[in-house]
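Protein chains: 2
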Amino acid sequence: MPQIVGHNYIGGARSAAGNEVLFSHAASTGEPLPYRFRQATAEEVDAAANAAAQAYPRFRSLAPARRAEFLDAIASELDALDDRFIQLVSEETALPKPRILGERGRTSGQLRLFAQVLRRGDYLGARIDRALPERQPLPRADLRQYRIGVGPVAVFGASNFPLAFSTAGGDTAAALAAGCPVVFKAHSGHMATAEQVADAILRAAERTEMPKGVFNMIYGAGVGEALVKHPAIQAVGFTGSLKGGRALCDMAAARPQPIPVFAEMSSINPVLVLPQALHNRSEQIARELAGSVVLGCGQFCTNPGLVIGLRSPAFDAFREQLAAQLEQQAPQTMLNSSTLASYNRAVQALHEHPGIRHVAGKPQQGRQAAAQLFEADVRLLIDGEPLLQEEVFGPATVLVAVADAKALRQALDALHGQLTATLIAEAADLDAHAELLPLLEQKVGRVLFNGYPTGVEVCDAMVHGGPYPATSDARGTSVGSLAIERFLRPVCYQNCPDELLPQALQNANPLGIRRLLDGQDSREAL
Amino acid sequence: MPQIVGHNYIGGARSAAGNEVLFSHAASTGEPLPYRFRQATAEEVDAAANAAAQAYPRFRSLAPARRAEFLDAIASELDALDDRFIQLVSEETALPKPRILGERGRTSGQLRLFAQVLRRGDYLGARIDRALPERQPLPRADLRQYRIGVGPVAVFGASNFPLAFSTAGGDTAAALAAGCPVVFKAHSGHMATAEQVADAILRAAERTEMPKGVFNMIYGAGVGEALVKHPAIQAVGFTGSLKGGRALCDMAAARPQPIPVFAEMSSINPVLVLPQALHNRSEQIARELAGSVVLGCGQFCTNPGLVIGLRSPAFDAFREQLAAQLEQQAPQTMLNSSTLASYNRAVQALHEHPGIRHVAGKPQQGRQAAAQLFEADVRLLIDGEPLLQEEVFGPATVLVAVADAKALRQALDALHGQLTATLIAEAADLDAHAELLPLLEQKVGRVLFNGYPTGVEVCDAMVHGGPYPATSDARGTSVGSLAIERFLRPVCYQNCPDELLPQALQNANPLGIRRLLDGQDSREAL
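Line by line, the protein sequences give chains A and B.
Mapping of the first sequence onto the numbering used here: position 466 corresponds to residue 466, and the numbering continues sequentially without gaps.
Mapping of the second sequence onto the numbering used here: position 318 corresponds to residue 318, and the numbering continues sequentially without gaps.
These are computed hints drawn from the structure, not numbers from a lab.
Please note that a few of the clues may not be correct.
Listed below are the simulated EDC-like cross-link pairs for lysine to aspartate or glutamate, each with C-alpha atoms no more than 20 Å apart in a straight line [stated by the list, open to error]:
id, chain 1, residue 1, chain 2, residue 2
1, A, K406, A, E441
2, B, K229, A, E441
3, B, K243, A, E441
4, A, K406, A, E390
5, B, K406, B, D383
6, A, K229, B, D250
7, A, K229, A, E206
8, A, K243, B, D250
9, A, K229, B, E352
10, B, K229, A, D250
11, B, K212, B, E225
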């Protein structure tokens with residue numbers, strides 16, 4: 001059993017000033033684990049934010065390659081954690097070992113991707129407009145622009161990704177890459193995991209000689225509010241519920257100095273199953289879609305919660321096939337008791353709604369979640385029934401049959417913003433429904449063709465974002481290398497002596513990066 | 001005298017449903033001009049936002065070169081406006097003709113810059129990660145990302161730039177370039193000017209066959225609130241007071257769907273005058289700085305409102321030189337009566353503060369604004385005295401002498417976010433005060449060396465932005481080509497058939513743009 005200290009992380013040291021004790025729980029039994037954590041006091045939250053602020057000037061000024069070393073070192077430290085760590089994560093989350101191993105690979109891969117971004121240097125957004133002393137009627141000064149980290153960032157761990165969206169997860173990696181020190185609020189569902197990962201980050205920080213305070217971590221219910229309101233914090237990353245995310249947005253907007261919040265919140269990820277595709281491969285679609293619905297016990301932001309098709313005998317047959325597939329799925333243990341309770345409540349609400357019919361799924365009982373299939377009248381969608389707009393966190397999905405293309409368009413028009421939308425379609429379907437893609441583009445961050453939304457690739461082109469309430473700001477993504485842009489802001493230098501410019505903008509182009517030079521791409525020295 | 005209809009612009013037609021009548025006023029006399037405008041009714045605000053929403057799907061889908069044509073056409077229409085137009089702007093704003101001619105050139109130049117950005121295509125942010133079907137343990141799908149306009153944008157005209165930050169100004173140009181239809185709220189200070197420019201935009205829209213509703217304009221006090229709260233509006237651009245900008249931010253954040261507001265608000269633009277520079281060219285600095293303070297009657301966002309130096313006999317001499325320079329400036333007419341009243345109040349408050357001393361400037365009287373020089377104790381700055389943190393809109397500036405480098409650092413630390421900071425310094429000064437630049441970078445959007453902050457170049461490298469309260473979001477700029485990014489969001493396509501992809505992402509690269517292809521820059525076809 002690993003040694004867990006349970007103290008907060010502030011400026012490179014451990015701190016346990018308060019008396020309130022928190023316990024981590026075994027996900028499969030709900031029993032407390034023998035790990036005790038100290039809730040951060042108001043003074044500790046303040047100290048953590050101040051430690052980040054103190055680290056900021058030095059950390060942001062490091063050469064990009066130095067921050068890349070740091071990220072690579074965190075990745076190595078994570079990869080080096082042994083089986084006891086994997087066991088611990090599994091204990092706290094009930095996630096199976098192969099999934100945790102996969103998620104760890106994704107997390108260290110993500111850190112290495114940001115290290116590559118730092119070495120590539122395009123995130124710097126270097127732009128140079130040289131002086132035009134002879135220009136009429138007025139000369140132009142020498143103007144140079146690049147981007148710096150916004151300042152200390154508060155990151156909130158997600159329940160459903162103890163590694164990839166938590167301590168050293170996507171938001172932390174993006175913020176550190178941008179040059180922003182982090183104060184991380186550990187999720188109550190996996191605090192021991194958080195400690196082990198925080199230790200890995202601190203070992204990496206020491207090894208690569210990062211400033212103390214580059215990474216801080218606090219435990220506790222309610223400490224997030226003080227963190228978001230702290231004047232040193234300049235941006236927030238969050239993955240979780242609509243209610244929680246919106247509360248943070250409202251707090252951040254009401255600060256004397258408002259700050260941006262990048263909250264990834266609620267998405268039902270509609271899947272459109274079109275006629276020719278059903279005609280060609282209905283059984284296969286039912287099997288694959290069921291697999292996506294129950295993957296990770298449905299505890300993914302991109303879980304397909306709504307399946308829409310055109311009413312037809314083929315769609316009736318598909319309903320039966322999907323029902324049979326979901327009926328035969330084994331129940332799974334959820335992340336924690338409150339996740340299970342919330343899934344039970346959501347399923348109950350669907351059962352009780354007069355316009356919604358239960359199609360398949362074993363009764364909810366005991367400590368596990370059973371997959372559930374419902375069918376709803378399209379009118380509910382068109383009329384904006386909240387039950388159909390809100391994410392059900394768990395292995396449930398709702399079918400909707402629409403009469404024709406017009407009703408389909410109306411149903412999609414009524415949808416709120418989404419992370420993803422999926423078209424299961426043959427070429428003939430796409431020809432016949434050419435109006436769908438432009439409509440979906442306006443609703444979502446990612447459109448998939450003949451795939452399933454779960455399984456989010458970490459790469460340059462990924463968008464894990466979308467219009468509200470999928471996220472609080474459709475202009476960001478929380479997965480993929482573009483995520484760094486959330487934490488950067490531009491700064492311009494006018495007639496700055498070359499030796500005082502950041503390397504990204506110096507005449508010699510010592511970083512060898514691409515720059516926009518007088519309106520043209522260039523890697524040249526000047 | 002030009003024919004002014006005075007009706008709102010909705011979906012390409014004119015509308016005057018309400019009875020409330022507004023008048024434009026002659027800036028130099030305060031008398032009403034013979035132009036009558038109809039305040040937009042609630043229904044008209046709704047109709048304007050809906051017209052923009054209706055135009056959005058077609059407008060955003062146009063090839064970038066088509067939107068570039070539109071922007072170029074607006075520029076030509078603006079340039080073609082005759083002397084009566086220039087006369088009208090001058091009547092409404094009291095700005096002299098050469099300034100208006102210059103501002104028009106800047107406005108049409110700005111539109112043409114965005115047309116270039118559209119043709120260059122880097123704003124599209126095209127990224128392609130090709131499929132890796134053989135990858136272990138899981139294959140990678142084909143993922144492609146580019147950026148689309150966020151949707152209809154509300155733009156608020158600024159009092160101080162009837163052309164460059166108004167009807168066809170920077171925010172409108174950036175939004176249109178991004179593919180976002182605009183609803184423009186005309187500023188009460190130059191409504192007839194707004195009509196003439198709106199007509200120019202509509203002529204250009206017709207000539208280039210843009211969808212009706214691509215540009216809409218409404219008049220009236222208080223109509224902005226309904227506009228910002230309208231569900232079709234997806235972002236807001238604003239230039240004006242801190243109070244007005246913050247009110248819009250608060251409204252936008254409290255919407256059922258919060259939206260981003262890019263408000264450029266309050267900045268005092270500190271100028272640091274360092275010893276060696278004073279030693280070498282004190283007289284010249286005083287003359288140039290005085291010129292910047294009174295330029296355009298001090299009615300610029302980048303007006304230098306705070307001048308800081310190290311206490312010394314040289315700084316005492318500089319104070320006298322600057323006082324003499326400002327004393328001899330002729331009073332100027334301000335944009336309108338309320339601007340003058342507000343300047344008078346701000347000058348009065350400086351006079352009355354016990355820690356602030358009046359150094360130079362004729363008494364305020366009549367309908368014109370006199371240049372004023374004050375000096376404040378550095379403690380006021382360090383202690384955050386609001387009078388020294390708030391922008392005085394007009395030709396006034398405040399000197400602060402600090403005892404040493406430590407006090408200088410404290411004073412700068414206490415400053416809020418700024419659009420600009422300026423170092424008037426020789427190489428020896430910059431050597432001796434190497435701590436200043438990193439500190440200023442954290443406070444501002446633009447750092448100038450041996451120049452003056454007024455006169456904002458419109459180019460790729462410009463940043464006219466900065467931490468709050470200079471703007472509501474330091475990640476944006478409202479001048480320069482980067483301004484387009486405020487109104488874009490990324491969308492990702494997974495395994496999308498080539499013929500359905502936007503041109504920016506098609507294999508053949510028909511736009512010939514640079515794309516990030518598997519992590520490398522490329523202009524190649526695939």
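> What hint numbers does the structure not satisfy?
Replying inline: Of the numbered hints given earlier, those the structure breaks are 2, 3, 4, 7, 9, 11, listed in rising order.
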